[in-house]
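Protein chains: 2
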Amino acid sequence: MAQDLPVSPLAPAGFPDLPAVAGVRTATLAAGLRYQGRPDLFLAVCDEATTAAGVFTTSKTASAPVDWCRQVAPHGAGRALLVNAGNANAFTGRAGRDAVAGEVAAVTGALGCAETGVWLASTGVIGEPMDAGGFPGHLAALVERLGPPDWRAAADAIRTTDTFAKGAGGNAQIDGTPVALAGVAKGSGMIAPHMATMLAFLFTDAAIAAPVLRQLVADAADHGFNRITVDGDTSTSDSVVVFATGRAGNRVIDDPADPALDDFRALLQRTCLDLAQQIVRDGEGASRFVEVRVSGAETPAAARRIAFAIANSPIVKAAVAGGDPNWGRVVMAVGKSGEAADRDRLAIRFGDLPVAEAGARHPAYDEAACAAYFKGAEIVIAVDVGVGTGTDTVWTCDLTHGYIAINADYRS
Amino acid sequence: MAQDLPVSPLAPAGFPDLPAVAGVRTATLAAGLRYQGRPDLFLAVCDEATTAAGVFTTSKTASAPVDWCRQVAPHGAGRALLVNAGNANAFTGRAGRDAVAGEVAAVTGALGCAETGVWLASTGVIGEPMDAGGFPGHLAALVERLGPPDWRAAADAIRTTDTFAKGAGGNAQIDGTPVALAGVAKGSGMIAPHMATMLAFLFTDAAIAAPVLRQLVADAADHGFNRITVDGDTSTSDSVVVFATGRAGNRVIDDPADPALDDFRALLQRTCLDLAQQIVRDGEGASRFVEVRVSGAETPAAARRIAFAIANSPIVKAAVAGGDPNWGRVVMAVGKSGEAADRDRLAIRFGDLPVAEAGARHPAYDEAACAAYFKGAEIVIAVDVGVGTGTDTVWTCDLTHGYIAINADYRS
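Going line by line, the protein sequences match chains U and R.
Take the first sequence: its letter number 203 is residue 203 in the numbering used here, and every next letter is one higher.
Take the second sequence: its letter number 205 is residue 205 in the numbering used here, and every next letter is one higher.
These are computed hints drawn from the structure, not numbers from a lab.
Yeah, the Cβ is synthetic: ideal placement off N, Cα and C, and Gly gets one too.
Hints should not be assumed to be uniformly reliable.
Unchecked claim - Here are some of the chain R residues that sit facing chain U, going by a computed Cβ distance under 8 Å:
hint: 1; residue: GLY127
hint: 2; residue: SER235
hint: 3; residue: ALA340
hint: 4; residue: ARG343
To be verified - Listed below are the simulated SDA-like cross-link pairs for lysine to any residue, each with C-alpha atoms no more than 20 Å apart in a straight line:
hint: 5; chain 1: U; residue 1: LYS375; chain 2: R; residue 2: ALA405
hint: 6; chain 1: R; residue 1: LYS375; chain 2: R; residue 2: LEU353
hint: 7; chain 1: U; residue 1: LYS375; chain 2: U; residue 2: SER287
hint: 8; chain 1: R; residue 1: LYS375; chain 2: U; residue 2: ALA405
hint: 9; chain 1: U; residue 1: LYS375; chain 2: U; residue 2: ARG349
hint: 10; chain 1: R; residue 1: LYS375; chain 2: R; residue 2: PHE350
So here's chain U without its partners, still in its complex pose (with noise of 0.2 Å):
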């Protein structure tokens, strides 16, 4: 299954160097779920103390683990994570169900935790029965590996077809107490070639009381991971989860307005965004990373809608495949997004280049100009709609023949 795609060409130089975060344990093992020679399953164990959030899917059809992450969530705490790449458990009906219970069982055996504070990952093949018979070997033999945290190997370990490891995060100041915070995420399509989702798992040595910590993750994985789109499609067992371990000892913090926060609010949103810009600079098949700017639109959902509109159009995203800045595509996108529009007010850039305004082409309009910036590998497309105030900015990729033989030639 492991396709040897060649490194997407959008990738960063390197993985980042990350902060360890006191409190958090991590090991990885070549399990042979599906993929041979290669780490396939994730374990981390954390601080007794920790807390946990997650943000996951609005797929009416949910993974199995998504549902077991729904349940454990209310309790806010967060002592192990198991990872699986290879197998989503996802639709495979009273099985799947079977499946999660043996996976929390194998942790809870090997860990002598409680299965409340077990949350659970599986990204793969979708509808394929996963059988849980050797996880509590697996368990055993990864917890004798347990050590510092080892961020590049985690990231690696939950890897489908990603052509490179995804990881992200910094440090910040809580009430001057400096705390850290480390990042891992894969996803290439939102659904890869029988391969499904995007994860993304982040854990901090701040401490942070549950209730504040929901509010963070949902706020981050928006800011982030909601303004993305690969190919609009939305998996079965999308999943981001945050683990505070408390070992920074910061005062916990149980005030989400608490001025506090605000330096590791603003680290947890970059490093969400940095993920999730990252999932898109491995879109499948991407040879151009595009940012698309809507401002002057009613509201700032009314901006994300109609910059999703264009983001999502197949037929803009093959325009910025071929280097054609044809910008009659996104006047196309903007019109079908069924959000106000000032047809008459309507202004386009590409870049810095003028390309449309007061609702016809620009005099200026070069087209020369623009098709050479097209040729780049980094396009910001950019529309006022001339109604309002709302602004929102989205990021995708372009639509190439690498989707579609990625998609479509290769038989998975």
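Chain U is fixed; fit chain R onto it per the hints.
Using the frame of chain U, we list chain R on its own:
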């Protein structure tokens, strides 16, 4: 701009034999508006008593001719239809409105009719100002050529990137009086390269009051054109207009509930669906024709939304292109539709082949048989979501290298 694309492998065997329709004369002309050496103008002139009604794009950036048609529609009169290919006259601001005024003046000048009976449509490049200066001359030439309807010539004149001419029609009875219907359409992508639009024009000799015709065309468009998708995009110019000359001599129908309309209504719906499916069969790069049937939804509208979530999913369409019976992607698309679905009752069939039932892979699932079925040119994807009695069916085509080639590689 004519790209000499090969005729779609899904094209019908030939252009159908269509009835002449009393009270209609047509002409076409190679006016050289953008294309050279091919007709690009179509004029239809109808008897004075002709009623007309249309439905138009939901785009918020509708073209100038669409704005014009919406203005004349309440009059319900249909004396003339003028259609040009090569320039969509969309997003052209003041110049676009001036061009429409010039076209209307040319038509009324040549025919001596009221402007309220003049309908216009334009398809082609978006954002390019259209010069109406030559239209008085073009109209004079067209009027000289007026003759009995030549539907094949009309269908050819309105093509942009279409690879075949599209027509459909037939005969029905109203109160025992035979009536005829003929229609032509164009469209390949919802937006073709720098070209826009799905257009359909239908002509009947039935006598039907304008308010009744309005309801008939709205219902028939919903039955046909609103159930197809090539790439999920919506053009600035989509238009469906029906003209009814009354020359058949039936009693004028002025009540939409009149049972005398049943046979004609069925003919109109059949014809719109036929034209709509021809557009899908000419979908850019299409190699497979896909019918998506959804049952068990909460309502028919929910069923249609689920069907479109499947039919618009790039990853489902790419799987079809690859001949890959990747049913996990269908599950994903059902989930992302946001409509109610019972994961534990979900059932999927490909044609007559069982794929999934009761929320898991069907025991009789046969991957090889499904793969063989997916090698065919016509695929049926049937999904029962297990929550109600709502059903609907939509049609689409696959997403192939050909789509990318047409929309990315060709520089327009």
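Outcome of the hint check:
Among the interface hints, the one on GLY127 of chain R holds; its C-beta lies about 5 Å from the nearest C-beta in chain U, closer than the 8 Å criterion. Interface hint status for SER235 of chain R: upheld, as the beta-carbon distance to the closest one in chain U is roughly 6 Å, under 8 Å. Hint on ALA340 of chain R holds. Least Cβ distance to chain U is approximately 7 Å, under the 8 Å limit. Evaluation of the ARG343 of chain R hint against chain U yields a held restraint, the C-beta minimum of about 5 Å falling below 8 Å.
Taking the CA atoms of LYS375 of chain U and ALA405 of chain R, the gap is about 17 Å. The hint holds against a cut of 20 Å. For the proposed pair LYS375 of chain R and LEU353 of chain R, the alpha carbon gap of about 14 Å is at most 20 Å, so the pair holds. For the hint linking LYS375 of chain U to SER287 of chain U, the alpha-carbon distance of about 10 Å falls within 20 Å, and the restraint holds. About 17 Å separates the Cα atoms of LYS375 of chain R and ALA405 of chain U, which keeps this hinted pair within 20 Å; it holds.
Between LYS375 of chain U and ARG349 of chain U the CA atoms are separated by roughly 16 Å; this keeps the pair inside 20 Å, and the hint holds. Among the hinted pairs, LYS375 of chain R with PHE350 of chain R is consistent with the structure: their alpha-carbon atoms are about 12 Å apart, no more than 20 Å.
The structure fails none of the hints (numbered hints given earlier).
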